[in-house]
Structures are given as C-alpha cells and as structure tokens.
Amino acid sequence: MTAVTLNGAPARSPWAAVVAASIGNALEWFDFAVYGFFALTISKLFFPASDEALSLLLTYGTLGVTFAVRPLGAIVIGAYADRQGRKAALVLTIGLMMLGTAIVAVVPTYASIGVAAPPVIIVARIIQGFSAGGEFGSATAFLAEQNPRRRGFFASWQLASQGLTTVLATGFGVVLSGLLAPAQLESWGWRTPFIFGLLIGPVAYYIRRHVDEAPEFKSIIRSEAPLREAFLSEKTRMLIGLGVVALGTVTTYMTLFMPAYAVRQLGLPQAGSFAVGLLYGAIQIALIPVFGALSDRYGRLPVPAICAIAMLLVAYPMFGWLASEPTLQTLLWVWVIFGVLIAGYHGSIPALMSELFPTRTRTTGLSISYAFGVMIFGGFAPFIVSWLIELTGSKLAPSFYLMLAAGVSLIALAGARGAGYR
Numbered sequence: 001m002t003a004v005t006l007n008g009a010p011a012r013s014p015w016a017a018v019v020a021a022s023i024g025n026a027l028e029w030f031d032f033a034v035y036g037f038f039a040l041t042i043s044k045l046f047f048p049a050s051d052e053a054l055s056l057l058l059t060y061g062t063l064g065v066t067f068a069v070r071p072l073g074a075i076v077i078g079a080y081a082d083r084q085g086r087k088a089a090l091v092l093t094i095g096l097m098m099l100g101t102a103i104v105a106v107v108p109t110y111a112s113i114g115v116a117a118p119p120v121i122i123v124a125r126i127i128q129g130f131s132a133g134g135e136f137g138s139a140t141a142f143l144a145e146q147n148p149r150r151r152g153f154f155a156s157w158q159l160a161s162q163g164l165t166t167v168l169a170t171g172f173g174v175v176l177s178g179l180l181a182p183a184q185l186e187s188w189g190w191r192t193p194f195i196f197g198l199l200i201g202p203v204a205y206y207i208r209r210h211v212d213e214a215p216e217f218k219s220i221i222r223s224e225a226p227l228r229e230a231f232l233s234e235k236t237r238m239l240i241g242l243g244v245v246a247l248g249t250v251t252t253y254m255t256l257f258m259p260a261y262a263v264r265q266l267g268l269p270q271a272g273s274f275a276v277g278l279l280y281g282a283i284q285i286a287l288i289p290v291f292g293a294l295s296d297r298y299g300r301l302p303v304p305a306i307c308a309i310a311m312l313l314v315a316y317p318m319f320g321w322l323a324s325e326p327t328l329q330t331l332l333w334v335w336v337i338f339g340v341l342i343a344g345y346h347g348s349i350p351a352l353m354s355e356l357f358p359t360r361t362r363t364t365g366l367s368i369s370y371a372f373g374v375m376i377f378g379g380f381a382p383f384i385v386s387w388l389i390e391l392t393g394s395k396l397a398p399s400f401y402l403m404l405a406a407g408v409s410l411i412a413l414a415g416a417r418g419a420g421y422r
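Going by the numbering used here, the first residue of the sequence shown is number 1, and it counts up by one from there.
Hints are supplied without guarantee of correctness; some may be wrong.
[To be verified] Restraint ranges, calculated between C-beta atoms of paired labels, are given here: (1) LEU391 / SER13: 46 to 54 Å; (2) SER324 / ILE113: 42 to 50 Å; (3) ARG297 / GLU213: 26 to 34 Å; (4) ILE221 / ALA111: 54 to 62 Å; (5) LEU180 / THR236: 17 to 25 Å.
Hint data in this document are derived by calculation from the structure and do not stem from the laboratory.
Ideal Cβ positions, reconstructed from N, Cα and C, are used throughout, including at glycine.
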C-alpha cells in the first residue's frame with residue numbers, strides 16, 4: 001500500500017485517499033461541531049442578552065446563517081472541482097476552513113470589544129460556510145471515484161469522518177467541562193478546541209497537497225461548463241439528492257443541540273451529555289463503513305429506507321421516554337438507538353448521491369444537492385428545535401422535526417428508485 005510520500009510524490013493507494021479526504025473533512029466539520037457543543041458558553045460571551053433563551057437563539061441563528069452561504073460555496077467550488085480536479089478543490093476548502101478557525105480562535109469577546117465581536121464571529125462563520133459548501137461534494141466524489149466496485153465502502157468514509165468530528169468535539173467537551181470551573185471555561189477553555197483545529201490544519205493541508213487525483217476523474221474528458229450542464233440535465237436528480245440529505249443533516253445537527261437540550265430541558269450535567277455525544281460519534285465511525293460495504297453487495301436503497309421508516313416511527317416515543325425519565329442512562333440509550341439508525345441511513349447515501357450524477361458534473365451536482373439540503377433542513381435545526389420548544393412548551397418538540405425529515409427523505413428515496421436505483 002502506497003502512503004503519502006515525504007518527497008512530494010503523489011500517493012496512489014485508495015487508503016491514502018481515505019486518509020486525505022477524512023482528515024480534512026473531519027477538521028472541516030470539527031469547528032462546526034465545537035461551535036454547536038459550546039453554544040451555551042459562546043452565547044454568553046458574544047451574544048449577551050437579558051433573556052438566556054434569546055441569547056441561545058442568537059447563537060444558533062449565527063450557526064444557521066453560515067448555511068445560507070453554503071450554496072454559493074457549492075456552486076463555486078463544485079464547478080471548480082469538476083474543471084480543475086477534486087484534489088485542487090480539497091486543498092482550497094481546507095485553506096479556507098483554517099482561516100475561519102483562526103479568526104474564531106483569537107477574536108475578543110463582547111466584554112472586550114463590545115458590538116464589534118458578533119460581526120467578527122459572523123464573518124468567520126461565513127468563510128467556513130463557503131468552504132463547507134464545497135467540501136462535501138469534493139470529498140465524496142474523490143472517495144467515490146477511487147474504486148467503482150467498492151464505491152459504497154470508500155464513499156461512506158466521508159460521513160464516517162464526521163463521526164470522528166463528533167468524537168473529537170465531544171471529547172473536548174467532556175474533558176474541559178470536567179476539569180475546568182465555569183469561569184475558566186468561559187475565560188479561555190472554550191478556545192482550546194479551536195486552537196487544536198488550527199494546529200491540525202497544516203497537517204491536513206499537506207496530506208491533501210500530496211495525494212493523487214481520483215483515478216475515475218483522470219480518465220474522463222472534463223466539462224468546460226459543469227454548472228450549466230448540471231442545471232440543464234440534472235435538476236431532478238439534484239432535487240432527489242436534496243431530499244435524501246434531509247434526515248441525515250437534521251440528525252447530525254440535532255446532535256450539536258443535545259448538550260444544551262440536556263442541560264436546559266432535562267436538567268442533566270453538561271459533562272454527561274457530552275459523553276453521550278462521544279458514544280454517538282463512535283457508533284458512526286464504526287458502523288457507517290460497514291453499512292457502506294453492505295450497499296456494494298445489496299444495493300443503495302434497502303437499508304436507508306428501512307432506517308428512515310424506523311426513525312419516523314420511533315422518534316416521538318424515544319423523546320417521550322426521555323422526557324418521562326430524564327436521566328443520563330435514558331439519554332444514552334436514546335442516542336445509541338438513534339446512532340445505529342443514522343449509521344444505517346448514512347452508510348450508502350454518499351455512494352447513492354454520487355451515482356445520481358455523471359463524473360463530468362458529479363461534484364457540482366453533489367455539492368449543490370447537499371448544500372441546499374443542509375441549508376433548508378440542517379443548518380437551522382438547533383434554532384428551529386429551540387424555537388419549537390419555546391413555542392409549544394413541549395420537551396418532545398425535537399421529535400416533530402425528526403419525523404418531518406424522515407418523511408422527506410423517504411419520498412426522495414422513492415424518487416431515486418423511480419430513477420432506476422435499487
């Protein structure tokens with residue numbers, strides 16, 4: 001197996017490609033996860049308000065605003081990847097993410113610079129959102145094009161690496177919440193994971209610079225206008241891809257919401273809720289590639305369809321159980337169940353979405369489908385769920401949004417079957 005070489009020669013092993021895509025992708029999403037997990041702390045430091053719920057909503061709104069710029073990143077970087085190559089796009093996205101992370105790591109708080117603090121945070125989030133808009137499509141296409149016979153397995157590492165993000169981010173949450181006093185956490189502790197991400201960034205950048213281009217992409221005649229081609233001939237498939245994304249993105253970003261939900265709605269300790277997220281991330285890392293490999297043998301649709309139906313049926317009773325027995329043990333079991341179902345759903349989705357589009361316009365189609373799906377359903381999920389809880393006064397409100405997402409994704413999977421996928 002050829003590894004990434006130190007002399008600058010390209011690495012040609014599919015496993016080197018997995019490392020290159022995964023380490024950068026994990027770092028890309030690490031900052032998003034950390035921002036969500038430390039929302040309570042960030043809300044106090046950068047969006048102080050007399051009403052704690054309003055302060056938290058402003059923080060989640062800032063998290064969501066960055067998703068509005070994702071479609072722009074998807075259009076620009078997706079087309080760039082189809083013209084110049086997946087490798088070039090991956091190098092660009094990691095550079096932009098490092099810039100945004102650096103800003104968040106050093107920006108002074110509201111107490112230091114007043115009203116200038118929130119806009120600086122927003123600018124950093126916009127840079128990261130633009131980068132993330134092109135990351136999914138570029139990384140997924142890069143992995144999917146390593147070995148068409150094992151497309152499901154290799155492409156699944158795109159989402160499995162997001163599980164690594166959850167483990168890293170929640171690991172920081174467990175350690176920092178357990179070791180630091182609240183004053184220390186608010187003073188400097190919350191910056192630690194962002195600084196960690198900034199230090200890892202150059203490693204990911206180097207690896208991506210020295211990995212070889214995806215073999216399948218190298219064998220095609222490149223499109224001169226991938227964006228125009230995609231919108232002329234792939235609009236229906238992009239709509240299907242958007243719907244397929246719904247359930248996965250809602251559950252992913254609701255995971256970021258759970259520490260605040262556990263503290264504010266269930267009265268549970270923050271460190272314990274981070275530990276639950278840690279287990280959830282570990283389940284994603286372990287099971288998503290397994291389900292991805294199963295899709296290479298049994299098809300892309302059966303397992304995600306079953307998991308989406310199960311999520312539709314169990315979301316409400318699971319949150320009902322959690323509300324009636326608000327303990328760490330119950331929270332643990334609920335997210336273990338959700339973790340297995342989402343791993344099953346995620347396993348074949350990257351390969352399924354890749355196969356919706358021809359290689360010439362694959363990154364453009366993937367990026368646009370994913371970015372709009374995340375913007376519509378996922379980016380504002382913590383905000384929407386928080387608002388639903390405030391509006392209804394019900395601790396079961398998160399299940400309503402989960403059920404909606406499951407229904408949308410089931411319709412999209414049916415559309416994929418109608419388009420000839422199995």
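Subject >> Enumerated hints in conflict with the structure, sorted upward >> reply: Of the numbered hints, just 5 does not hold.
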